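**Q** Protein chains in written order, with the working numbering: chain A, 1428 to 2170; chain B, 1161 to 1310.
Incorrect hints may appear among the rest.
Claimed, not checked - Calculated pairs, DSS-like style, for lysine-lysine (alpha carbon to alpha carbon, straight line, at most 30 Å):
1. K2054(A) with K1277(B)
2. K1663(A) with K1229(B)
3. K1704(A) with K1663(A)
4. K1532(A) with K1483(A)
5. K1241(B) with K1644(A)
6. K1247(B) with K1644(A)
7. K1663(A) with K1228(B)
8. K1239(B) with K1663(A)
Since the hints were derived computationally from the structure, they do not count as laboratory data.
A quick note: this is a predicted structure, and the numbers were derived from the prediction, not measured.
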Amino acid sequence: MTNIVSRITSPERRSFLVSTSAAAGGLALGMVLPFGNEAQAAERANYSSDTTLLGKTPGNEVTAWVFIKPDDTVVIRIARSEMGQGTMTGLAQLVAEELDCDWAKVTTEFPTPGQNLARNRPWKDFFTAGSRGIRASNEFVRQGGATARMMLVQAAAEKWKVPVAECSAASSVITHGPSGRKISYGKVAAAAAKIEPPKEVKLKDSKDWKIAGKPLKRLDTAPKTNGTLTYSIDVKLPGMLCAAIRDCPVFGGTVKSFDAAKAEKMRGVKKVVQVGKSAVAVVADHWWEAKVACDAVTIDWDLGPNANVSSASIAAILKEGLDASTNTYVGNENGDAKAAIAKGVKKVEAVYAFPYQHHATMEPMNATALWTADRCEVWTATQDGEVALAATSESSGHPLPKCDVHKLPLGGGFGRRTTHDFVIQAVGIAKQMPGVPVKLIWSREEDMTHGRYHPTTQCKMTGSFDENNNLTGLHMRISGQSIIAFVAPHNLVNGKDPFTFQGLNAAGAEGVFGYTVPNLLIDHAMRNPHIPPHFWRGVNNNQNSLYLESFMDELALSVNQDPLEFRRKLLKDHPKHLAVLNAVAERAGWGKPAPEGVFRGLSQHMGYGSYVAACAEVSVSKEGALKIHRIVAATDCGYAVNPAQIERQIAGSFAYGLSAMLFGECTVKDGAIEQKNFDTYRVMRINEMPKVEAIVMPSGGFWGGVGEPTIFVAAPAVLNAIAAATGKRIRQLPIKDQDLRKA
Amino acid sequence: MTRLNVNGTSHDIDVADDTPLLWAIREWIGLTGTKYGCGVAQCGACTVHIDGQPVRSCLYPAVAAVGKKVVTIEGLAPKGKMHPVQKAWVEGDVPQCGYCQSGMIMAVAALLKTKPKPTDADIDSAITNICRCGTYQQIRAAVHAAAGNA
Ligand code: FES
Ligand code: FES
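Whenever a hint applies, use it, and build me the whole structure from the sequences.
**A** Here it is as C-alpha cells:
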C-alpha cells in the first residue's frame, strides 16, 4: 500500500509494485457504486466509462484488454489517459491489430484505477506522460489482443471439433479452412472467456500490420464537434455543489485568518472553508456564485519566506551558478574539455537563458469529489489515474480500496495533470461537506498563478577550435532548477538530477548527445528557486536543445562553416541523428536559394527515444516583425502506429513550442507569478502558425515517443533562421520584447 | 426570472445581473458544450451565436441576451444532423483534446455566413480563438473544406 502512495511524487515508474492487499480490501468488481440511491448511482456510472466492467453489459471479457459483445462490438480497454494526443486510438489500433478484429466495430473504455488495483493491476501502468502512452505499453497491450485472438480461435475450433491449426481469424470472423465454416467473435466470446490463456504469444511483424501503422481517423472525434463529450469540468452529479478557491499567491505562504462574513451572505453560497494550510474555498450552488463570493472573502496571508523573491533575484542566483563549483554535477564527459578550451586557438562563448513557462491547458484544473465517512470518489482529468487515486486516498483519510477515481477526457495535459494538487484540494473541500459531491474549478487566474512551471535555467556554452578550425572542446554549463529535486528528491543520485541532462547523455535509449567532440563536459549547477518546476511538454530537452543547437550555429558561423556541414561532420558516429537532419535539409532545399527575403535555420535533437530535426524558414521585416513561413520537421520514432496522428502531434508540438519561444514567460514579483490570463500570457493563434511539413520516417527496431519530441527543435531552428536573417543572435526567451531589426 | 431563448427553447432562470451568459448556459440551463477557458474574452472557447453574431459569452451578461436568439454548439445543427463545419471537422480529424473546438466551430460557422469562401487572410483575422493543442493547420484546411457548403 505504501508503494502507491510514495509514487505520488515518483516520476520513475519502474520500481512500482502495488501491494496485493489492496485487492483483498474489498473493492471487488461491480462494487463501484457504494452510496446514494439507484438513480444517483446510475448517473455516476455514466461518467465512469466502465460499463462493461460493472458487469451490466451483455458480452464477455476475453482478456483484460478485450471485451466482446454478442453483436461483435469489441470494447478495448485503455489504461492510459486521452489528452488530445490520440493515445487512445493508437493503443486501440495495436490491440485490434493483434486481435484481427473488424476496426469498424471497435469502441473503447477506461478502466478505473480502483478496478486496476482490485484486480491486481491487469492494465499495469496508467502513467501518460514522457511520450510514453504508446511506447511503454505497446508490448503488453498487443499481447492482450493476440492472446484474445488465440482464445477465440481455440473456442471456435473446440466448437467445431477441429484442430486449431486449421482455423484462422480475420476481421472478427474465424474460418475453418477445410470446410469453409465461419463464425464471428461475438458468438464464441463466451466460450473463449473460459479458456486458459495461452502461455506463448507471438506478436506480428510490423510489416504485416493492417490496422496499426495506418493513418486511421481517431475514434473520439464526433463528440468533440457537437458539445456532447463530457470533460471533467462538465461533470454533473445529483445534489452537486460547486467550489471556487484562492490559494496563497506566494508559494510557501499560508492563511493566517480570513473573514467570510460578507461572502457567506452572498447568493447561492453554502459554506466558506479553509483548504489545507494555504487556501480558502467557497462552496455554492453554482460555480459562478462561488467565484464571485470567493473574491469577496478577505484573507490575511502569511506570505512566508519567499515574499521578496523576484525574477531579477532568481536570475542572479542562476548567473552565479554559471561559474560556480559548488552543487555542480557532471552529466556527460569525455577527454578534458577545460584543458582543451584553455589551449584552443579560437574560443567562442555565449550565455543563454530560459524562463518559467506555464502549461496553460485549455481546460483549467478541476476535480469533483464525493466524500463520506467510509469512502471517497473523484471525477477528474488526470495523466495518471493511479497517482490521482493515491492522492485521493491520502487526502481523504480512506485506504486505497475505499477510494476510486473516474477518469474523464482531458482538455489538455502537457505534463500539468501528472500532479494532483487540485484533487487534494477538491477532496479537502468535500471532506467538509460529507455526502455532497463538490466540483472544484480553478479560475484561469488561479490556474495561471498556481501552476507547476517549466523550470528556469541559464547556460554558458564554451567551445574551442584548433588552427584548422576543428572543434576541440565543448563545455556546456547549465545552471538552474531541477524538477526531480522538487517532485521526487528521493530520485536524486548523490544529489544529482540525471533527468536534467535529457538529450545530452553519452548513451541509452532515451536521449543521446549526437555530436562527437574530442573533449566534452556537460555539467549542471543545481540552483532551486521556490517556484515549483514540473514536467512541461518536452521538459528539459527544450532548454538543452535550445542551448546546444543555437550554439552549434554560433560555432559553425565563427569559423565560416555551413551549419549543416558543420553538424554533419560531428554527427558522423550517430547515423540516426544524421538521417533526420539530412531529411529536413533535403526537403527544405538547404543550400539552394530560398524565396526572396526568406532565411533558413536548422536543428536536431534526440529525446524520449525519438530522433527529430527541423528546418525553419522565416523572414524579418525592416521594422523587425518576424514571420515564420514554413517548418519542415522529421521524426524517426522507430515504429509509427498512426502516421496521420503523428503528423498532428508534430504540428501541435510546434504550435506549443513556438508559443513559448515567441511569448511564453512567467515573471515573478514579490514571490508570486505576475501573469494571470491569456492577455498577459500570450499564446500563438492561427495567424501566427507556420505551415508545418512533417516527414515521418520510422526506421524500426525501437519505440520512440511522438507527443513531445518535435517540440525540442522548434525554437532553435527558428532562432537560427532569425540569426541568418538579421545577424542577431537571440539568447534569451521569449523573443516578444526583443528588437529583431537587422544588426 | 430571466427568460433566455437558447437553441429555440425558452428557459426561465434565476440569475444575478452580473452572471455571464456562459455560466447561465452551462450551470443554469445545463448545456456544457460551451466551454470556459479564460473568462476575459481572450480564448473564444465560450463562443456562441447571439442573433447570428459570434459572441464570447464569458463577458456577456445573461440578462443582455433577453429577447435575443442564442445558439450554442448543441443547437448549431438540428438534432441528429451535422452542420457543414462539423462535417468538415470530422472528415479532417481536426480535434486533439477537443476542448477549444466548440468555440472554434461556432466562430467558423459565423465566419462562413458572412464570407462563404474565406481567404487565408480572412481566416487569420476572424478566427482568433486559442487552441493549445495546436490544431491550427487542420482547422485552416477544414475551413476551406467547409467553405461553400455552409
Ligand atoms: S472563456 Fe470566453 S473567451 Fe475565453
Ligand atoms: S484541441 Fe485541445 S485546445 Fe484545441
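**Q** Evaluate each hint against the coordinates.
**A** Hints and how they fare:
At roughly 25 Å between alpha-carbon atoms, K2054(A) and K1277(B) fall within 30 Å of each other, so this suggested pair holds. At roughly 26 Å between alpha-carbon atoms, K1663(A) and K1229(B) fall within 30 Å of each other, so this suggested pair holds. Of the pairs offered as hints, the one joining K1704(A) and K1663(A) holds, with about 28 Å between alpha carbons and a cut-off of 30 Å not exceeded. Proposed proximity of K1532(A) and K1483(A) is supported: the alpha carbons are some 20 Å apart, at most 30 Å.
Using a Cα cut-off of 30 Å, the hinted pair K1241(B) and K1644(A) holds, with the two alpha carbons roughly 20 Å apart. With a CA separation close to 14 Å, the supplied pair K1247(B) and K1644(A) stays within the 30 Å bound. Between the alpha carbons of K1663(A) and K1228(B) the distance comes to roughly 27 Å, so the proposed pair stays at or under 30 Å and holds. Only pairs whose Cα atoms come within 30 Å are accepted, and K1239(B) paired with K1663(A) is accepted, the gap being roughly 22 Å.
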